[in-house]
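Dock chain one against chain two, each of which comes alone in its own frame, and use the hints as you go.
Same order as they appear, the protein sequences are chains A and B. Per the working numbering, the first sequence starts with residue 20, numbered consecutively. Per the working numbering, the second sequence starts with residue 29, numbered consecutively.
Rather than coming from a laboratory, the hints here were simulated on the basis of the structure. Quantities reported herein were computed from a predicted structural model and do not represent experimental measurements. Note that CB positions come from ideal geometry on N, CA and C, so glycine has one too. Treat each hint with caution, since some may be false.
Selected chain A positions facing chain B (in silico; Cβ < 10 Å) [unchecked claim]:
1) Ile65
2) Gly69
3) Lys128
4) Met130
5) Asn136
6) Phe151
7) Gln154
8) Gly176
Chain B residues, not near chain A, derived (Cβ > 12 Å throughout) [as the list claims (entries may be wrong)]:
9) Phe70
10) Gln178
11) Ile182
12) Val187
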Amino acid sequence: MMLPEQAVLPAVAESGASTALESPGGKSDGAAVVLRGLQKSFGSQIVLDGITVTIEKGETLAVLGRSGSGKSVLLKLIIGLQKPDAGSILIHGEEITKLPLDAMNEIRKKMGFLFQNAALYDSLTVEQNIAFPLQRHSKKTEAEQGERVKELLASVGMEGDLKKMPSDISGGMQKRVGLARALALEPTILLLDEPTAGLDPITSGEINELILKLEEEHDMASIVVTHDLHSAKTIADRLALLHEGRVLIEGNFEELEKSEDKFVMEFMKREG
Amino acid sequence: MVSHDARIPRRWMSPDAGPAATLSSSPLDFIGNLINHFLEWFGELGLFAWQVLRSAVRRPFEGRELLRQLDEIGSKSLPVVALAGAAIGFVLSLESRSSLVRFGAKSMLPAALVYSIIHETGPIVTGLVVSGRVGAGIGAELGSMKVTEQIDAIEASGVNPYKFLAFTRIMACILMLPLLTLAADFCGVLFGWIAETLVEPVSFHRFVSQGFVGAKFGDFLAPTFRTAFFGLIIGMIGCFQGMNTKGGTAGVGISATSSVVLSSLFVILADVVLVKFILVFFP
Numbered sequence: 020m021m022l023p024e025q026a027v028l029p030a031v032a033e034s035g036a037s038t039a040l041e042s043p044g045g046k047s048d049g050a051a052v053v054l055r056g057l058q059k060s061f062g063s064q065i066v067l068d069g070i071t072v073t074i075e076k077g078e079t080l081a082v083l084g085r086s087g088s089g090k091s092v093l094l095k096l097i098i099g100l101q102k103p104d105a106g107s108i109l110i111h112g113e114e115i116t117k118l119p120l121d122a123m124n125e126i127r128k129k130m131g132f133l134f135q136n137a138a139l140y141d142s143l144t145v146e147q148n149i150a151f152p153l154q155r156h157s158k159k160t161e162a163e164q165g166e167r168v169k170e171l172l173a174s175v176g177m178e179g180d181l182k183k184m185p186s187d188i189s190g191g192m193q194k195r196v197g198l199a200r201a202l203a204l205e206p207t208i209l210l211l212d213e214p215t216a217g218l219d220p221i222t223s224g225e226i227n228e229l230i231l232k233l234e235e236e237h238d239m240a241s242i243v244v245t246h247d248l249h250s251a252k253t254i255a256d257r258l259a260l261l262h263e264g265r266v267l268i269e270g271n272f273e274e275l276e277k278s279e280d281k282f283v284m285e286f287m288k289r290e291g
Numbered sequence: 029m030v031s032h033d034a035r036i037p038r039r040w041m042s043p044d045a046g047p048a049a050t051l052s053s054s055p056l057d058f059i060g061n062l063i064n065h066f067l068e069w070f071g072e073l074g075l076f077a078w079q080v081l082r083s084a085v086r087r088p089f090e091g092r093e094l095l096r097q098l099d100e101i102g103s104k105s106l107p108v109v110a111l112a113g114a115a116i117g118f119v120l121s122l123e124s125r126s127s128l129v130r131f132g133a134k135s136m137l138p139a140a141l142v143y144s145i146i147h148e149t150g151p152i153v154t155g156l157v158v159s160g161r162v163g164a165g166i167g168a169e170l171g172s173m174k175v176t177e178q179i180d181a182i183e184a185s186g187v188n189p190y191k192f193l194a195f196t197r198i199m200a201c202i203l204m205l206p207l208l209t210l211a212a213d214f215c216g217v218l219f220g221w222i223a224e225t226l227v228e229p230v231s232f233h234r235f236v237s238q239g240f241v242g243a244k245f246g247d248f249l250a251p252t253f254r255t256a257f258f259g260l261i262i263g264m265i266g267c268f269q270g271m272n273t274k275g276g277t278a279g280v281g282i283s284a285t286s287s288v289v290l291s292s293l294f295v296i297l298a299d300v301v302l303v304k305f306i307l308v309f310f311p
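Next comes chain B alone, as it looks inside the complex (with noise of 0.2 Å):
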């Protein structure tokens, strides 16, 4: 049952119960707890997690939420995760100009500017603005439902949260995320391509041609569909926070505050684990 299987750790929920209280004891204890307090949560995800699956592989599977949730999750925050992209490329591509240009290497700038964006800055861009705009969003939708009875009310009525509400989300983010990725490289390359033509202009054909020579299909492949396992730490951890929610409108606060954080944090820690694991597997 949502209202009881998973709890938050009473670090991350209650005011109160900050760092500051912990401190007062000795700096071994405060280590003890905050580890602890860390495996507790995380065993605690681990167990909703497995609700989320069990659940999902059982019907009905909810097709017309999970399109909503495209909607919602995936065309929503396409404006902001093509202008961050688009940010991104422009700032990258005047920074890049002055020292590739330093060293005579201006005729890279193409590639360097699409390796980067490819690789890892639109993945990583996108996944922060995602865990920012959509991590938010769930963990103070759900939070807000959870305080209000509403999960309560549709697990009254005979249909199962964990489907209804967290799978949708969490399939919506993992099948969104990467297609935003192509978004932000795309908008990315657009702008560098533009800020490069400003100061001396190129064709953008050329550009792109030159950015991606000696490129593989399979190079651009594990960089942007890493981006699905962002989508799956984000929709989580955004789920997780907002269904266990307690407390009123200070809980739905805090499950969004919190969400946004930690789906923040696992993003980047993920993306350095990632990284690793594609530059070993996909050399």
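This is chain A alone, in the form it adopts within the complex (with noise of 0.2 Å):
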């Protein structure tokens, strides 16, 4: 978690420029990930039109926006399920958007991905799910990572639920098992699709305690797209506003409260 002194001072974009906002003094290297100058269309619709951005390690951003303002796009971007049509991210220092496969297969491990479903395998079991990633790149014998599965569940307040299907559990649930999963081979960074969607108030409470508790164990850091500013405010070092494909403005909360632009103070407000 970064200190409050070291969040970034608010900065909103001027008219007709991209956003080239960096983090603590404009540095991108060692930095978790390093997002510049990303753009993605689908067919006529500019979704992303030059996000720059940094996060370090051991920060937690929150992407805001309305629906549809590429949030999930970005995210998706970022671990390398749909391909930018121009500019570079930077994980850990590596360019991946032109990587090939494997290599590619070899950075996402080191990223967790919480999908905004969950997205849990539905012909395996809660434990089955966990061990999933485990299998595939863990040199784990099967006892370590059956030992894995339970603390990982366990850290999730789940270790009662291993033989469950994913059908049988609620969304709550989900979300938890779907964290664990992200979490099974202790990735550097977590990218987290909309954790409290869907969910009432309590649960929700009860995932961003978990997440802020995930964070501050794990030491990683953590990109969360999320519409919830309650969640944002409680799990996020910094906040950043997705408007017409750019960053409108970043900054903590505070900051984005006392902004004056029109589009802000809306989305707070409603938000809110």
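Now the structure itself:
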């Protein structure tokens, strides 16, 4: 987690110009994730139009924005599920946009991804879901893998649900299992797509606390895509608001609240 | 990437993009569009096949998943394939008998039955039954995984879905089709004998001896192993349609249906081509 003093000052993009926001001191050396001039379109629809942002090791960035503003696309670009039209993505200093698949898979092992609907493998049990990345990538014995699965499930408070199928557990529990699966390979970067979407306020609060606890335990860089301002305020060091394909403003929660930009004010008022 | 490398032509993807929409234009446009869509689909299938082939030669080889698929596609298709083979053998025996009796060639029944089952009926029935059961299963399963982002989750965890999901299923289809064909052939001959015995008792040993008289092992090799090609078609089309599903549950339905329709169609077309090929090269 970053200390409040380290939080970057807010910056509002100038009209017509690409946002070029960097983390403290504008450094990208040693940063976990660096995005430079990232562009992505689907047909004639421009979704991302020059995203430049840096996420330092141990830092949590919340990406906010309206539905369809390209937040989830941004995460999919970072993990390589989609390719950008232009721009670069550096993961621990390594450019990944032109990497061949085998090399990209090596990078992916350093990243954990929680999908919006958890995307658990519905033909596998909770235990098998979490064991899946371990079976494929870790050199642990079967017994060690079993221990690791139990440890991960205990860390998300689901140690008693090993043999359950994803269809037999609630949405909140699926998110917890998804989170445990994302952490299986001890990633250095955690990508969370709407971790509290569709959950009641109490479960959302529990998920937020869990994310916060796991981030502190594992010292990961995290990017959280969310609509939930309360969640963003709780778990993130920094917030970035996407609008019209660009980072409109970036800063801590208080800085966004103080912004006098019309869209930012509207967003904070309605989402808050 | 699975999500955008190969797309399904709109014609086969969108429920509202049926032939009627195209028929409103001139017949020439309609034919042109049809050819265009077909070539587009075929090109995308070719790209998909290349991705699968490229992934297959790299480690790890996913042996455990292949074994699971061999069981899923092979063992679980066995009852329905055996039943289809038995029914065909029984009916063929009854129908052939009356014709052969009319021409005084009743003694030819075992040979005619064995020849027709092993050369054509067994392989094509197995191909069509498996394309129904397995093609729909693969299309629906992978389609459902696609729309619920499970394929993305596999990819995000550093596992190649072309290998883990597609190659294992295609290879299982290729390996199991000839074995399932042998099962269908056996059941066909067995129930052909039962049908014959119900009318005029004859020992199974004698029936089989008469059936295989003058036949060489090589006569049955090519017809049986051509079903490996049917397996390639069923697996490839099922995986392609499934992994390119779009549009939620409706899309899953379209993928399952199109997998069955297209794989059955291509199995029949391949049968025609391969029979000619076998007759030329294995006379």
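Here's how the hints hold up against the structure:
Among the interface hints, the one on isoleucine 65 of chain A is violated; its C-beta lies about 16 Å from the nearest C-beta in chain B, farther than the 10 Å criterion. With 10 Å as the threshold, the beta carbon of glycine 69 of chain A stays out of range of chain B, its nearest partner Cβ sitting at about 21 Å, so the hint is violated. A hinted interface residue such as lysine 128 of chain A counts as satisfied when its beta carbon comes closer than 10 Å to some beta carbon of chain B; here the least separation is about 5 Å, so the hint holds. Taken as an interface hint, methionine 130 of chain A checks out: its beta carbon lies about 8 Å from the nearest beta carbon of chain B, inside 10 Å.
A hinted interface residue such as asparagine 136 of chain A counts as satisfied when its beta carbon comes closer than 10 Å to some beta carbon of chain B; here the least separation is about 7 Å, so the hint holds. Because the beta carbon of phenylalanine 151 of chain A sits about 7 Å from the nearest beta carbon in chain B, less than 10 Å, this interface hint is met. The criterion of a C-beta within 10 Å of any C-beta in chain B is met by glutamine 154 of chain A, whose closest approach is roughly 8 Å, and the hint holds. A hinted interface residue such as glycine 176 of chain A counts as satisfied when its beta carbon comes closer than 10 Å to some beta carbon of chain B; here the least separation is about 22 Å, so the hint is violated.
Listed as a non-interface residue, phenylalanine 70 of chain B keeps its Cβ farther than 12 Å from every Cβ of chain A; the least gap is roughly 23 Å. Glutamine 178 of chain B, annotated as away from the interface, has a beta carbon of chain A within 12 Å; the closest lies near 5 Å. Listed as outside the interface, isoleucine 182 of chain B is inconsistent with that label: its C-beta sits roughly 8 Å from the nearest C-beta of chain A, within the 12 Å cut-off. The claim that valine 187 of chain B is not at the interface with chain A is violated, since a C-beta of that chain comes within 12 Å of its own (minimum 5 Å).
Checked against the numbered hints given earlier, the structure breaks hints 1, 2, 8, 10, 11 and 12 and satisfies all the rest.
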